Every structure is written in structure tokens, then in C-alpha cells.
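Visitor: Protein chains in written order, with the numbering used here: chain A, 107 to 336; chain B, 431 to 670.
Just to be clear, a hint being listed does not mean it is correct.
Said to hold, decoys possible - Taking beta-carbon pairs under 7 Å as the criterion, some of the chain B residues facing chain A (in silico):
| no. | residue |
| --- | --- |
| 1 | Leu-488 |
| 2 | Pro-491 |
| 3 | Leu-513 |
| 4 | Arg-520 |
| 5 | Ala-530 |
By construction, these hints were calculated from the structure, which means they are not laboratory data. Predicted model only: the values in this text are computed from it and were never measured. For every residue, glycine included, the Cβ atom is placed at its ideal position computed from N, Cα and C.
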Amino acid sequence: MPGDVSALQLVLTGDPALLAIVRLSLIVSLSAVVLAALIGIPFGAALALIQFPGRQAVIVVLNALMGLPPVVVGLAVFLALSRAGPLGSWGLLFTPKAMVIAQTVLVAPIIAALTRQTIEDLWLEYRDELNAMNVGPVGRVATLIWDARFSLVTALLAGFGRAAAEVGAIIIVGGNIDGFTRTMTTAIALETSKGDLPLAVGLGMVLIVIVIAVNALAWTARRAGERMAG
Amino acid sequence: MRAPISDLPIRFENVTVAAGAVTLLDGISLTLNPGRPTILIGPNGSGKSTLLRTAMGLVRPSQGLVTWGGREDVPPTRRAIVLQRPAMLRRSASGNIRYALRASDVARTEQQSRIDELLALVGLGQLADRPARRLSGGEQQRLALARALARDPAILFLDEPTASLDPAATKAIEDIVHAVSQRGIKIVMATHDLGEARRLAGDIVMLHRGRVVETGPAASFFSTPQTGEAKTFLAGELLV
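The shape of chain B in the complex, shown without the other chains:
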């Protein structure tokens, strides 16, 4: 049975994450609300991945507090993440999804129909029995997406899922993300592709050097950026 309480909103209160001497997130305060996709943008190393992993609960803040639906230390039963380089379990494509279903305590009798449904959603129905590690990069990303959705999440984090994919594979991912969002699953996605951010947002959160420099609805962010960093980034200039 699913807990009826939602993980949303996810609230960051003055969250700092440090790895040794390096500060990855620097005093982030942010609320992720249900609704349209939130897209994280910013240059490489700006903290997008760390923010996603912290929101997922994979990384603990060095300082500050993260709450899920007002509670601390909520296990990730209604959250799922597609990592930047998803690890493919050494099983078939359907085996990877079955593993996630089993980890979510989905009844054995329901598993096969869910697997078929999820593989069809990401267009991998023909490759169900293929070893996951033999799939192409784009296929692995789609399988990771299906595996994340197998957890029946209320919120789905995506860490640059289309980086290094060709336009067709990128479109396939974006179409799935769009469909998933339509079903009411909250999407929080990192990208450094501004075109992709325009196509999918929602709201924009721009990060730079581990800090939130600007947030807002996509329309106003792209038309009238408020900060120097955002203007520089949107102008396609190098933000260092």
C-alpha cells in the first residue's frame, strides 16, 4: 500500500552540500511544488546534479534542511530519479523493470502487465529480452526512464537525460517526459540545453556556482531575465 501523504512540496532550507573542501551547493533555499515541470539550468558544475540527488535523498546536506511534504528523512518510495549515467543492472530490459517493481513490492501477478505497459510507453517492447547493457545509449536512457516510472513516483528527477543523444533519441525522451508530466507526475529535470528547457518548462531554476541565481516561470525567465548571470547565459555567452 502507498502512503497517502505526498512527498510534495520538497523544501530546501538554506541547504549546503560540501564534498571535502569543495562546496557543491551553497545555501540553497527552494521549494519544488506540484504542477508543471521545473527545469534546472546552469553551466556544468553549477550544482544541478547535486541538487537533484539531494532532492532525491541520495545526498545528505552538510548544513540546512530538506523536507518532503513537511517531513524529514522520507524514504524514496514515491520519488524516482534517472541519473545522468544510469547503471544498467546486468539483466534483460524487462528484468531491469521487474527489479524495480519488486523493490516497490508490486504483486508478482501484476508485474508482467506493468512491464509490458512500461516498455511500450518508452518504445522498447521489441527489446524486452535484450540484455540491458547491450542497448544503445538512447535505449538505455529510455529503459532507465521506464525503470524509474515503475516505482509509480509522484515526482521524477531527470539528470540531463538527453545529453549526448541525437535529435531523434532526444525527441523520444522529451515526448515521454511530456506524456509523464501530463499524467500528473511532477518533473524536475536538469539540462544545459536551453532549447530543451524552453520546450519542457514550466518553471526555471537557474543555478550558478552552487547557488540559485534566478527562478521563475519559463515565459518571463526567457523574455525578461532579471540577473546578469541569466542574461549572459541566455545570450549564449560563456558563464564562468
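Chain A extracted, bound-state conformation:
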């Protein structure tokens, strides 16, 4: 059995290398979710409210993009950021920033598509009331996003789940560099292929616990908010 410590020991003793990996994973995925939300929520809301030719096609494409293969996103971001690529001068390839960009690309369509559905449903319910109250376009968007905020938390969670779980995109643009761009998922992939199963299992356990904890936190916040605002 390679490695002389068990997975449980690594987790319980708070191994510094393990903590650094966990920390980077959280920073990358949470940053990507925040950026994707800043892009996806306004885009989804606009798509829900604005009628234009080709809107149905945009919705179909957006929904399809929810299933973007992470490796393909990784490849596209890799090409864009590589030295010969259009954004090569930024020098971001094989940095955590590149990983945030890749996961943002991956997550933004998920948040946008779920936001579009949520806001459109709420708009159908609110439309006559808001028109009767003479609420303008900006006020409408603000009202709908605010009143849908608890449902939108679910969209953010779906995005976070996607970001936290994927390997394909960040391993390509990050390079899985020890101590710099190594995350839980890339480390699990590496350690498993190296045969260091205890570390891989330990990381896997930590990853699952974190995903459950984040969801539990968001769920609690949502329930508390709903109790106050209905």
C-alpha cells in the first residue's frame, strides 16, 4: 500500500498541503460562481423579459450550453490564453486565474439558463401587477431578481456544484502544478493514477463534505429568508 498514512489521518490532522489544495479549490470555484452570477443573472433576466427575433434559438442554445463538456471548455480557454492565442499577452495560462476563467465559462450558461426560466415564470405571474403599477423596465428587472432571489440561490448552487466537481477544464488550463494550481479534483485524478489511493480518498471525502456543507448553508439561508419574506 503506497503512502504510510490513512486518508482519515490526513483529514483529521489538517495536513498543510491538503489544506492548501482545499483552499485553492474553494477560491477558484467560488470566484467562478461569483463571476458567472454577475454575467449569467443579468443575461438570463434580459433573455426572460426581452422579445426579439431568434430568442427561441438563443434559449435552446443556452440550455444546451448547460451541458458543455469541461474538457472542451478547457481546450477553448487554453487556446485563447496560450502564448499564440488572442489573450496570450495576459500571461494567465497555468495560473489559478486561468482556472477561474475556464470555470466561469462553464458555469455562466448554467446560471443564465436557470435564471431565465425562474425570471420568466415569475414575470408571467407579476406582469399585469407591475404594468398596473406603471413600473418601468429597470424597476421590473430589479423587482423580479429580488423577488426570485431564493430560487436564484438554487441556480448558484447548481453552478457551484458543477464548478467544484469538474476536472477537465482546470487540469488543462491550470496544469495541476503542485502547490500552485493543484485542486481537489485534479489531485484526486493525479493521485489515483499514481496509485496513492489514501490521499485520493481523503480528498474525495473532503470534497463531498464541502459540497454538502455549502449546500446546507445555502439551504438554511434560503429557508430563513423565505420565512421572513414568503
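Starting from the known structure of chain A, arrange chain B on it as the hints suggest.
Guide: Positioned in the frame of chain A, the structure of chain B alone reads:
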């Protein structure tokens, strides 16, 4: 500041409203004047809701013209409506009223006193902090009424506000409507409850299949209906 010009009278000139192949209103000509409540009656699907929504400005005529105080395309600043199934904003009862006040540009310093006053008027003072969507059906109707009144309307449209309410809740709504009418706010209300129409009218406008079949003061409408449709409807027979 409120525009001094009134939205009244509201005049329908040969108004037709169609949704796809279905004609909802069929060449309606009608004037809604200030004064006592106008009650719209008629069977389901006769066009009462569409008429109210068109008068509110929520629905545009496919043909014909609607004018408010002689003008076209008047934004609904002095009009308010209580829809048949009012949407409760996902806020507290007082939050719903505050939203309407804010949409009407009521000064922040005045908002709380207006909220207290309006909630007291509809008897929801105790439930100010309750999420609106947790209120009962009757309470939601009363909150919708308070929210509509928050816009300080000159004319208030009500679309079957007592449908599916029990007698006590119905009486609560009718009492508020009566009080509001006493304050000089023009009431235009749809109902399919003839008892309610007798209690509140005013004037009667009877609709059938998207057309106005009879209009007139309530007293003469109920005592001496002129048309076959009105006689059938008042006799409690099925008008199809």
C-alpha cells in the same frame, strides 16, 4: 405631483379585442363616468375581465379607441386594479403596500403612515409583517385592495374580488368598496353575483359574448330589464 387632469370619463369607441382567433370584446362602445359604482355583470367568458383590463390599459384594443379624460395612451398613474387572482409580491403585507407607494413616488417619510392607514382600512393591521403569500384568500384580496388604493387612484377596477370568498370575507370586501366609493373614488367592478351587483350598483353594464347587451341604473335594470338576455340572466336561467 399628481397631474390635475382626470382619467375620467373613460370612453370606449367601437373597441374590439381579439386573442388569436378568439374575439374577447366585440365592438364595445361605452363611457365610464365619475359617480356611483358601475358594476359589470354577465356570465363567465362574457368579456368582463377583458373590459376591465382594457379600461386599465393592460390590454390594447385590436380595433377601436380607448380614451382616458379625452386622451389616448395615458399611463396608469391615477388608475388601479385588483385582478381576479392578484399576484402577491414575495414580501410582507406592508412590503407589498410599500412597493406600490414607491412605484407611485410617494415620499419615503410618508410611506409608513400611509401603510398603517391602508392596512387599518382593510383590517390587516395585525398582519403587517406576515409574508403576503402566507395570507388567506380573503386576506390576500384585502391586501390587493389596499395595494391598489396605495396608488391614490381616481378610478378603481375590481375583477370579481369576492369570487370564492365566504360570506364574512365577502362582506369585508364589500364594506371596503363601499367606503372607498364614498370617498369619491370611481368603482368599476365585475361580478357574477347578482346579489352583490344589487348591493353595490350604481349603474349596471351587462355583457354577453363580448358585447354590451344592456346598460342603465341598477334600479331600472333589476326591475324592468329591456333585453331578452338580461331577463334570462336575472331570472337565474342559464345564459349561453
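Visitor: For every hint, state whether the structure bears it out.
Guide: How the hints compare with the structure:
| no. | hint | verdict |
| --- | --- | --- |
| 1 | Leu-488 | holds (6 Å) |
| 2 | Pro-491 | violated (16 Å) |
| 3 | Leu-513 | holds (6 Å) |
| 4 | Arg-520 | holds (4 Å) |
| 5 | Ala-530 | holds (6 Å) |
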